[in-house]
Each structure stands twice: as structure tokens, then as C-alpha cells.
Amino acid sequence: MITEPFTAGNSVIHSVDPRMKIVFAVMLSCVVAVANSLLTLSAGLATGLMLIVLARLDGRAVLKRLAVVFGFMALIWVVLPVTYPGPAIIALGPLQISQPGVVLCLKITLKSIAILSILIALVATTTLSTIGSALHRLGVPGKLVYLLVMTYRYIFVIENEYQRLMRAARIRGFHPGTNIHSYKTFAYLTGMIFIRASARAENVYRAMLCRGFKGQFHTLGPVAPYTQNRAFTVLTTAALIVILGLEIWNRISL
Amino acid sequence: MEQNQPIISLQGIYYSYPGRRTILKDLGLDIFKGDRIGLVAPNGSGKTTLFHIIMGLLRPSAGKVNIFGKERQTEQDFMDVRRRIGLLFQDADDQLFSPTVLEDVAFGPLNLGKSKEEAVAISRKTLEFLGLDDFEDRITYKLSGGEKRLVSLATVLAMEPEVLLLDEPGNALDSGMKSKLINVLNNLNITYVLISHEFDFFSETTDRIFSMEDGKLLQDDEVYIHTHRHSHKVGKQPHKH
Chain A
2 MITEPFTAGN SVIHSVDPRM KIVFAVMLSC VVAVANSLLT LSAGLATGLM LIVLARLDGR
62 AVLKRLAVVF GFMALIWVVL PVTYPGPAII ALGPLQISQP GVVLCLKITL KSIAILSILI
122 ALVATTTLST IGSALHRLGV PGKLVYLLVM TYRYIFVIEN EYQRLMRAAR IRGFHPGTNI
182 HSYKTFAYLT GMIFIRASAR AENVYRAMLC RGFKGQFHTL GPVAPYTQNR AFTVLTTAAL
242 IVILGLEIWN RISL
Chain B
19 MEQNQPIISL QGIYYSYPGR RTILKDLGLD IFKGDRIGLV APNGSGKTTL FHIIMGLLRP
79 SAGKVNIFGK ERQTEQDFMD VRRRIGLLFQ DADDQLFSPT VLEDVAFGPL NLGKSKEEAV
139 AISRKTLEFL GLDDFEDRIT YKLSGGEKRL VSLATVLAME PEVLLLDEPG NALDSGMKSK
199 LINVLNNLNI TYVLISHEFD FFSETTDRIF SMEDGKLLQD DEVYIHTHRH SHKVGKQPHK
259 H
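Just so you know, the sequences run in chain order A and B.
So the first sequence is residues 2 to 255, counted in the working numbering.
So the second sequence is residues 19 to 259, counted in the working numbering.
It is worth saying that the hints were derived from the structure and are not from the lab.
Where hints are given, some of them may not hold.
[Said to hold, decoys possible] With a straight-line Cα cutoff of 25 Å, these simulated BS3-like cross-link-like pairs (lysine-lysine) come out:
(1) A:LYS65 <-> B:LYS160
(2) B:LYS234 <-> B:LYS43
(3) B:LYS132 <-> A:LYS215
(4) B:LYS143 <-> B:LYS166
(5) A:LYS215 <-> B:LYS88
(6) B:LYS134 <-> A:LYS215
(7) A:LYS144 <-> B:LYS134
(8) B:LYS143 <-> B:LYS160
(9) A:LYS144 <-> B:LYS132
(10) A:LYS144 <-> A:LYS215
(11) A:LYS108 <-> A:LYS65
Let the sequences and hints guide you as you build the complete structure.
Structure representation (C-alpha cells):
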């Protein structure tokens, strides 16, 4: 099940118009993604962490989210330093830890954690429905927005249907194994989920027609008053300028 | 419209799903203003199909559909019908697709061209009428089965329909939720047809019971509410049927 643990709260970040959060999240992550110097990336990470602190998120829950990339990072740290060409810092027998390799690992790590924490602080603090309506008001076509929102809505129904089918198979003694019978059963299960999903889609569409749907989606406007827009804009713009400035200065001075 | 003219009138309706036997055969149905009709028939006898034909979601292969004194044939005709007749689907998950309850209830009114403020006001009023005041920010997929049922009723009622078609509304409701639903139906004061398999539910909510057989509709006589003696376990405890 997907949960939205960060959406509850009344911090500064939670009281910012979701449109702004999305726009700044996109700008900040783009800048950090193309940045190259360690200094800029550290500034990006600092911004991300500052935003998380401002959102008053539970540190442990944030770490759990970040854990997704930690595994990936570990792999990079194991492979890159010994395979990347360049002058060695230490030689461990036949293995040479290359200095550019370590720097590259550090950059990748900083970059991913920075972007992820920016997204956690700005995007994960907004419910998907609010993100949907914010995207719509930012000019994203209604059909795309509803594709996103409805996919999210029906993932749970489809997951339930999968669980039901799986239970039905299990109570009749089905144990998945490496054999044709198991593959066939999973193929049937998958097929059945697709059929049910399409039948569901048809019913949902009918229910929408019954409620006067004419192909035009209307979204309800902002619900909560967003009181911290100005402070947020000043702060994130400042962060953006610092990061950009550092990067540009760094490239010029090279 | 004359008072004694049916508001929904079907004549000689035939319908069959591809590759299956004809499910509706020469079906006729008249519904008058103020009718509170219960529809009981075995599974697969075409009750839901009948509702979908009234809403124009399915088109009969033969027969006339006359609703609110006008013959209905095209999609355009049925758009007007759908505005004035509300259909409660059998599965509430089909009906609730917006993330939050308020947005889902407001979907219908917004489609009818109401402003956001009006739509929100109507939705709040409807939720309040159903005793769901504090539900507006709840997430639809996290509601319980009974709550989903009541919220989907709210989404239909927010359209302010003249007629309600309810497809097994009492399904999967516990006794508390069911009595709440019965209460709501009795306070609504509009024409409705409801499908159910429970006669106890009918006796509290409907005046007439129709049935279906061989693709035709059987209009029974008026329902008489009666009591009968019977025995079952813990029958000495005060209870309701």
C-alpha cells in the first residue's frame, strides 16, 4: 500500500501553495542535477535538508525514504572507485582506489540525496490530489492530470483485486514454484487483473457519464489558505541564487 | 406533464449481450411520480441492465424508452435524463474516483455547470443531510464499505435528481448502516426504484415490489407489511428483522 505519511502537518512548507512547491521543486532539482562542483552540490544538499527541517518531518521516516537510494549508492561506492581510471589514492593489493572515482561517487551521492530531500520536502508534503489540481492550474492538460490522479486512486482497488485472486489461489493449495503450473497460474492471474481493470474502467466511465461528465474535468480550487507563500518564495529563490551563483563562479574560475 | 402519466415508461424492450441469450424480452415498465418500487429477481435476470437502459448507458435492440414525457434515443436525449435521474451503482468503488470525498461529491454539480462555490455548498449540504458532515476531507479509497456506499449516495443526491435508481444499496451494509440508509430513503421524498434481495429491506422502504422473469417485468400487487411467527436462535433477545 502506498501511504502519504508526510502530507499531514502544519509547518511552513505545508502552508505554501502547492503550485509554488512544484515549480520550485522542479527548478531546484534541475539546477542540482546539472551542477558539477562539490561546493554547489553541498549547497543543494543543505537546501534540501533545510526544507525538510522547515517541513518538520519525522527524521526517521525521511531516512527510511532515503534508504531507497542508499542501496544504489552502496553499489556505486563499491564499483566506481576501483574501476574509474585516474591516479590512485590507496592501493589495496591489486585494487587501486582512484581519486576521480571517489570524487565522482561523492558527487553522485550528494546529488541524489539533495534532489530526493528537495522532493520529499516539497512534493511528498502535498497529497497526490492536491498535486493533481496544482498541475492542472499550472497548465498541464486535464487528461494527463486525471490519468495521474485516477491511476493513483485505482491502484488500491487493483491491488485489492490481486490480493483477492491470490488468496483464492492460496486457499486451494497454490504454492508458487519454478514450474509451468506456477507460471500458468500467474499468467491467468495477470490476465484476470487486466480484464477486471478494463471492466472497472468501463463501469467508472459509466458512473461518470451518469453524473453529467462531458469530457471536461473541473477541479476544486485551493482549499486551505496558503499563508507562507511570500516567505517560501524569498527563501527558495535565495537558495536557488546561491546554488546557481556557486556553480557559475565555479565554472568561470576553472 | 399530466399527473397520471408515467415519468419513466419502457415498452417492448429487447436487449442481449453479445454472445449470450436475450436478457430482456419485450419488457414493459411504468414508473409514476412518487413511486417507491422494489425490484427483486434472481441474479442475472437483467435488473442492472434495465437500470443502464433507463440511463442510456446501454441501448436496447428494440423497444421504446420514454422518460419525462419524451422519447429518448440519442446520447443528447440521455444527457438530460442523466441530469434528472440518479443511478447508484452496485459497486461503490466504481462511483468514487476522486481522491477526496468533497471533490467526488462536487464532481456532478460541477459538470452541471455550477460554480466552484455553489458546487462546494451543495456538496456540504448533501453530506450533512446524510450525516457525513466530517467526511469531506476523507480519502475515498480509505473509507469502509458502508461509508463508501453512503458517500456514493451523496454523489448521486448532489445532482438533485427527480428519480433515484439504486442498485443493491443495502449490499454489504451492517445493520446500523442499513437503518441509516432506510432512514435517508424514507426522508427523501422522491421517486425511486431499488434492487435488493432482502424483503425486510423492501418492507421498510418501498410500497410496491416488481419482479423479473424470462426477460419480462412482473408488477406485483401492493406490498402488505405483515408480521409472522418464526423461531431461530437467541429469538428471546429483542431483535429486528
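Results for each hint:
no. : hint                  : verdict
1   : A:LYS65 <-> B:LYS160  : 23 Å, holds
2   : B:LYS234 <-> B:LYS43  : 6 Å, holds
3   : B:LYS132 <-> A:LYS215 : 14 Å, holds
4   : B:LYS143 <-> B:LYS166 : 18 Å, holds
5   : A:LYS215 <-> B:LYS88  : 22 Å, holds
6   : B:LYS134 <-> A:LYS215 : 17 Å, holds
7   : A:LYS144 <-> B:LYS134 : 20 Å, holds
8   : B:LYS143 <-> B:LYS160 : 22 Å, holds
9   : A:LYS144 <-> B:LYS132 : 21 Å, holds
10  : A:LYS144 <-> A:LYS215 : 13 Å, holds
11  : A:LYS108 <-> A:LYS65  : 21 Å, holds
This entry satisfies every hint, going by the numbered hints stated previously.
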